[in-house]
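Asker: Given the coordinates of chain A, assemble chains B, C, D, E, F, G and H onto it according to the supplied hints.
Spelled out from the first residue to the last, the chains are:
Number of protein chains: 8
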Amino acid sequence: MNQDQLQALLTKVQQGALAVPDALHQLRTLPYENLGFASLDHHRALRQGFPEVIFCEGKTVLQVVAIAKTLLRKNNALLATRVEPPVARALLRVSKRAVYHEAARVVAIAPPKLVRRGAVLIVTAGTADIPVAEEARVTADIMGSKTDTLYDVGVAGLHRLLGQQERLHDARALVVVAGMDGVLPSVVGGLVRQPVIAVPTSRGYGAHFGGLAALLTMLNSCAAGVGVMNIDNGFGAGCLAHRINMVGEA
Amino acid sequence: MNQDQLQALLTKVQQGALAVPDALHQLRTLPYENLGFASLDHHRALRQGFPEVIFCEGKTVLQVVAIAKTLLRKNNALLATRVEPPVARALLRVSKRAVYHEAARVVAIAPPKLVRRGAVLIVTAGTADIPVAEEARVTADIMGSKTDTLYDVGVAGLHRLLGQQERLHDARALVVVAGMDGVLPSVVGGLVRQPVIAVPTSRGYGAHFGGLAALLTMLNSCAAGVGVMNIDNGFGAGCLAHRINMVGEA
Amino acid sequence: MNQDQLQALLTKVQQGALAVPDALHQLRTLPYENLGFASLDHHRALRQGFPEVIFCEGKTVLQVVAIAKTLLRKNNALLATRVEPPVARALLRVSKRAVYHEAARVVAIAPPKLVRRGAVLIVTAGTADIPVAEEARVTADIMGSKTDTLYDVGVAGLHRLLGQQERLHDARALVVVAGMDGVLPSVVGGLVRQPVIAVPTSRGYGAHFGGLAALLTMLNSCAAGVGVMNIDNGFGAGCLAHRINMVGEA
Amino acid sequence: MNQDQLQALLTKVQQGALAVPDALHQLRTLPYENLGFASLDHHRALRQGFPEVIFCEGKTVLQVVAIAKTLLRKNNALLATRVEPPVARALLRVSKRAVYHEAARVVAIAPPKLVRRGAVLIVTAGTADIPVAEEARVTADIMGSKTDTLYDVGVAGLHRLLGQQERLHDARALVVVAGMDGVLPSVVGGLVRQPVIAVPTSRGYGAHFGGLAALLTMLNSCAAGVGVMNIDNGFGAGCLAHRINMVGEA
Amino acid sequence: MNQDQLQALLTKVQQGALAVPDALHQLRTLPYENLGFASLDHHRALRQGFPEVIFCEGKTVLQVVAIAKTLLRKNNALLATRVEPPVARALLRVSKRAVYHEAARVVAIAPPKLVRRGAVLIVTAGTADIPVAEEARVTADIMGSKTDTLYDVGVAGLHRLLGQQERLHDARALVVVAGMDGVLPSVVGGLVRQPVIAVPTSRGYGAHFGGLAALLTMLNSCAAGVGVMNIDNGFGAGCLAHRINMVGEA
Amino acid sequence: MNQDQLQALLTKVQQGALAVPDALHQLRTLPYENLGFASLDHHRALRQGFPEVIFCEGKTVLQVVAIAKTLLRKNNALLATRVEPPVARALLRVSKRAVYHEAARVVAIAPPKLVRRGAVLIVTAGTADIPVAEEARVTADIMGSKTDTLYDVGVAGLHRLLGQQERLHDARALVVVAGMDGVLPSVVGGLVRQPVIAVPTSRGYGAHFGGLAALLTMLNSCAAGVGVMNIDNGFGAGCLAHRINMVGEA
Amino acid sequence: MNQDQLQALLTKVQQGALAVPDALHQLRTLPYENLGFASLDHHRALRQGFPEVIFCEGKTVLQVVAIAKTLLRKNNALLATRVEPPVARALLRVSKRAVYHEAARVVAIAPPKLVRRGAVLIVTAGTADIPVAEEARVTADIMGSKTDTLYDVGVAGLHRLLGQQERLHDARALVVVAGMDGVLPSVVGGLVRQPVIAVPTSRGYGAHFGGLAALLTMLNSCAAGVGVMNIDNGFGAGCLAHRINMVGEA
Amino acid sequence: MNQDQLQALLTKVQQGALAVPDALHQLRTLPYENLGFASLDHHRALRQGFPEVIFCEGKTVLQVVAIAKTLLRKNNALLATRVEPPVARALLRVSKRAVYHEAARVVAIAPPKLVRRGAVLIVTAGTADIPVAEEARVTADIMGSKTDTLYDVGVAGLHRLLGQQERLHDARALVVVAGMDGVLPSVVGGLVRQPVIAVPTSRGYGAHFGGLAALLTMLNSCAAGVGVMNIDNGFGAGCLAHRINMVGEA
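Protein chains in written order, with UniProt numbering: chain A, 1 to 250; chain B, 1 to 250; chain C, 1 to 250; chain D, 1 to 250; chain E, 1 to 250; chain F, 1 to 250; chain G, 1 to 250; chain H, 1 to 250.
In isolation and in its complexed conformation, chain A is listed as follows (with noise of 0.2 Å):
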């Protein structure tokens, strides 16, 4: 509820269009809809700029199926990542107007007429590092960002990175994702003067530690302002990227 929102009520307190006790329970709850195993944030959508996303993992196909349903009643977009196969099927029979993205693992709805604007680039370092940057990418996409990609362009190789510069001055916000040593971040913040935000996987083996590595070279990059995300989160790469890409936007 937001400031202009209690003044009206307060003003019809007032006026007596409002009796005391219905202020009261309008007062106390936000709207939100229990479903026993989830209490679902209608208010989001207004507080955020985009409804509930589904994670998942950890929870049963009947759960997800029931969860999206109770969204899609009070919404016109749908996100669910980390979305298995089974989970995906179930969700396509919920809407026609949902698509599954396989390498991103996600599902979505797109808000119809929605109109992208700026621009958010999405590099890898290598291309077992895909997933995560689709993730990513599907993520920024539906919640109203244009997308660019620039793919495999890790330090073992760095011309195929200068090569391309124009491309990451170009962009409002940068996501780079990258496994193994994780060095890519850093060399892109010491290119650009644009936010970037670095997102480690967990691709790699042995002191890798499933992404530990990556996240610690990024935490502790010699370029400033890099910002970090947790191991393999795309979903919150992309989210974080289309925030700062709509900063100063009307």
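Don't take each hint at face value.
Stated by the list, open to error - Which chain A residues stay away from chain H? Per the calculated CB distances, all over 10 Å, these: (1) GLN15; (2) ASP22; (3) ARG47; (4) LYS69; (5) ARG93; (6) ARG117; (7) LYS146; (8) GLY154; (9) GLY163; (10) ALA214; (11) LEU219.
What the hints assert, rightly or not - Computed Cβ-Cβ distance ranges for the label pairs, DEER-style: (12) A/LEU46 x D/GLY49: 33 to 41 Å; (13) H/LYS146 x F/LYS146: 40 to 48 Å; (14) B/ASP148 x E/HIS169: 17 to 25 Å; (15) C/ARG93 x A/LEU46: 47 to 55 Å; (16) C/LEU35 x A/LYS146: 42 to 50 Å; (17) G/LEU62 x B/ASP148: 51 to 59 Å.
No lab work stands behind these hints, which were simulated from the structure alone. Ideal placement from N, C-alpha and C gives every residue a C-beta, glycine not left out.
Answerer: Okay, now just chains B, C, D, E, F, G and H, sitting in the frame of chain A:
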């Protein structure tokens, strides 16, 4: 053997009603029963109010069944945790009174005529935390506590929790279960004056490290009066909540 | 602002006794006071039964003194923890009622006419665990619990503990403090039916890793009903023990 | 050397206005200056909008002073971080325009006639987090952002934050600084739609492990759109916040 | 090659009974046999009292069988550990004397006419620790120690252990195996004066970290005289217990 | 683009033989080829003496085959590592010259008429370390080094190694592969004066933590002149050994 | 209280020679003495062959002196470890028989007419490991073992150890102390058939992590029959070596 | 004792020129000298090309001086590392030829008439990495390598490195030293075909964990042919670089 029993025993020896070797034998042992692979503590119910609980991980079906049968010969209640379906089926054949709580992975036999008292509230941050929460709930319930639940009220939509503060205040003990960032116990702990038991879950990925992240969040909670359990330890939380709930009961 | 206060406020608005802007202001804020470097929560005592506690580490002497003075203007009790001697001396000058508990590193002002109730027992494994134990004891005491202690009864000489089992059974809540291997809470937890709060200390060396070893021991305790605090967190243990001790009190 | 400069250079070569060896020299190097112990990047201001920043830890006073003097010959602004008092005194002698921000441990020289724009809000959970927050604030300020602060509003007294939600909504970028359990960024991230930069601090003890606990909390935040910095990295947060603040600016 | 053999060899060279090249050859090598993928140490039995033991993890069935056959050509005993059923079946075909100890995952051939001596006692905290305990027991047994067992006597029911203290005192060496909190070796170590070998097991969950918690507990044991083995290393414990048991034997 | 090529290009521009836009294009890029999911570095062979190597983990069969075909269009050699059998079968169909080294999990195509030079010795502590050792051996071989092996000579039977010291001294570079305690590189490093490359393997259990124990042993080696590779990184060790072996070659 | 004493007590009760309350008192307690801050275990010498040992870290000088005086009233020997010089000076004033072993940081009073038996050999890898080795040596010596030393024979110069193998074979128990890579116990363990006690030290830097690297090396030792102590735990090693040395003694 | 010396010795025994006991003595020992607290390896220079090096941490001034004097009696060169000023002053008094390299914390005596050969290049990412780099440089220099340096060329200003690629290509071995994110070795490793030795430094803060972050980055380097040293181990890097530099030298 408690103080009174010890005094009685010594008095019998003094009176010649008990031979020294027999007294010697009784003084040396509290009741337990040796199955070779298990030494069952029949004194547990007397000492701690509930019989020995069977933790099924790492035990064969045959071992679990043998332990259950032996315990049931001396006790009228049973609790088995971490019960996979094949073990559950075997236990249901041991007693008609046994109930399988599938979400909680628990098989339980309630003591006859159990009167549940007090109020334990189980709260979760997300849907995927429910199995651990249910293990806590069933445990507290079978031991004799009244329980209630409040699921999926994490801080991404804070109004879901704030809208139900009275239910928080009505409990005598709260169990707060959370994975991911594990912040919910800090928020709940800042709102109430009752004891809060925080349970981290292994739900998460990447730098979550199997629940370590949530565990550390909870151990470092800014809110005072929060005790922490091992990751996914719903049983321990339910047991502790029950004991707190019983403080001050005759 | 609780339910009753909210209803009263709305009724006043309805009756014209309170202008909308004033109501708006009150609805937006619970009482706190801004010192620039600190936002003091004057609602804390009402909500949780004791005023905000000052954790002195990382604060300057001037900051601690300013916070203490501000808190004392609205409260009649004070607790400051992790108090180094120079801070203690400054605090003792703030109020004649202030007492410095040196072993506990605590400065405390008890509420006038405090009646201590119930029974909290503080147990330590070794002599070097006493400072943490004393922080717990003073905290529980100042909040209104009767406290007792049982120090240096670790398992290297188990009979020291077994010989005093009745004192264990007489408490409503137990705090067990241990460094090194941290095994004492498991042993105590196996003997009693009351809630046990385990506090690892940083006492130890080598693979103790500043208390991590003892912490892990306690989190993995075989004994049910044991809640764990952060390493050296005597304050938190005392606060939780007090809250448990108060369960069932009118 | 950017695209336009490169084209100009090649055209000069084509026109005979630049000899091949000279062109070769220019193509091989961007401007930097070698002090033996440091290679100063004079291209930094052109490329990233602010001159190279001096991280003083691990450098001698003499090295810091020599670097500062060299940078000031080519730039009209300066930022030195992690400045201990002796280094600060030496830097203040280098230029009369230099200012020592003691809480932030920063020495700064603002560019002449700097016009600050946009809105960056710095939030802390506690008083002891202020030094890191101030490092972020001074950094964003000196780079050209308008800044504001909201200190000591952690979740132990949640109403302190909820009462000032509008100030959260008024910012273009938020920096949220927290030690201990590090939960504040999750709570703020659940309330706003702007980019949130989370900065863990080393404030804490025991299982806080020098800030690791707070870092992990933030990386695992349930709230989307939160980017994380290294522990105590106020400078990086300020720089990233400034860059985000500048997105969409002409 | 020991001192006496070396002296004999040199005397032969002096006497012309051994040519220099032959002496050279003998001086350079102790007996071992090269299978390409394995260099079998035939000197082991002479040097350490038992032939080389086959650790089967990471070896193919063919490799294990080839190694076993080669060892049996020069030795009359065999011990293979971490034996999965297919490997066990293959080894049982190698020799009719081979016995598969399934709980211990060991295949063993005892030396003919082995006389077992002394007394090694194997103790476990729980039922699930028995596989590791059995690996220790079979190892000590096959090397020539008399063994006895005391299983499932953890501290949750301390009287089970205290009631059998005399069996503890009767052993020459004790192996104490425990998972979860790993506290049993500390308790046993406080009761006896013999050497205690502590073996942590991977039994546990959450913050047990695959046995790390129990390992750290044991390394930090308050009880003196406790040596620790790697997690789940029953073989090593059995071998060390046997060696201790043999101290003072002719 | 090297120094000579750059000078030639500029001269052509000066002479009007190359238009500015074409020069601009050439100056911006070194050769690589974009497959969408991969940017293949065709400059690698020129720059580092061997074409880009395919690390197959995390790539689909289709991706690996497409990369292999593209690389083979510009190069006459190929190395693919971490090749599971289905990938191997697909690669063998790409070229008749391809060979699958199963133990090493490598598919390789040697350059025609490759002359192998120098001497690289690969040593292992145990049989289970051989797969990693073979990856190193095949890598060094295909790049042009003569290789030899000495397997299963760990310190449990030290004479196996000491008896073959001359083979150690005959190599120009040594690769020493060990799991478990990882001590062999320290022992070899104390015996020779050549560069030693230590490779920890994930072979082990319990407190081995997937190779971390062996890795730390090697990083802390008392023997000087030992460089360490990531856990199980046979490829990197073979590559580094080859490069060392080539030092001083015309 | 042992079996015989218990029987005697019960017989006295039967005969009326002992009143029930007195028997009750005796049955409840083994001898210990309460100093408030310490509960001294006077039963220790009877039970384990040597009085309680004072670990001085974390205790004040006054506490140490009070404990020492109390112990000396009931025992004729004393061992205090981790003794800093001021504590040492205070202890030397407690008894003229006290000796300060400075390198070992130990103050000891040997029992009168102590006859040392058997053979314990203490080996170190380097010079800096000697303080820990000396703590072990003095401990074993004061408890009644003959001791010998072999210092600075690490594997960087393996011949220093191999040249003295007979001294290894002459011991009944070996303590091997090493920092850095911690490989020496593996090498010694491969040469002997006696029990080997490995002690990691905190000597090292970087990825040594305060002794963790050496500790892990030892826990993963390829050599069988090696038990491991906590980092820098010379006392524990000396105590265990003594107990092993006494096995088989009348 | 090498092959030729052994043959000569045996021939002397055969010819009666050497008595059996004398031969026995020689066969048993390589030269070393026992100082009680140190066993000096006089065979080191013969075996590995340079005398034993003194690592001064953890040794007293007296011990270092005694070791230095003993080594200088048999060798004409000396290297002492981790030399604090008081130790340096003492060593400078031992020999007039000794030189203190303060930045490197090294005292060195070069062999007379040392001819330096080949080319070792030492590169650092930052100014604060120079002490470690200098330790490497002085070590390689004193052992006989020509050395050169390239300092403070980290990726925050990549052109500083790219502008000097030829100097990279001119070396036979490269040592790349970096703290913080530790990315420089990956970048250098992608540009050259020579062996690269990566040295992480402890320079950094927060999630740098004393150099662990940089270490992990380097171990996971995407660039092939990179060997890694322990954190801050400049000595080891210099020694390995020298050995690589000598490969192929007569």
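Asker: If you check each hint against the structure, which ones fail?
Answerer: Hints 8, 10, 11, 13 and 14 contradicted; others consistent.
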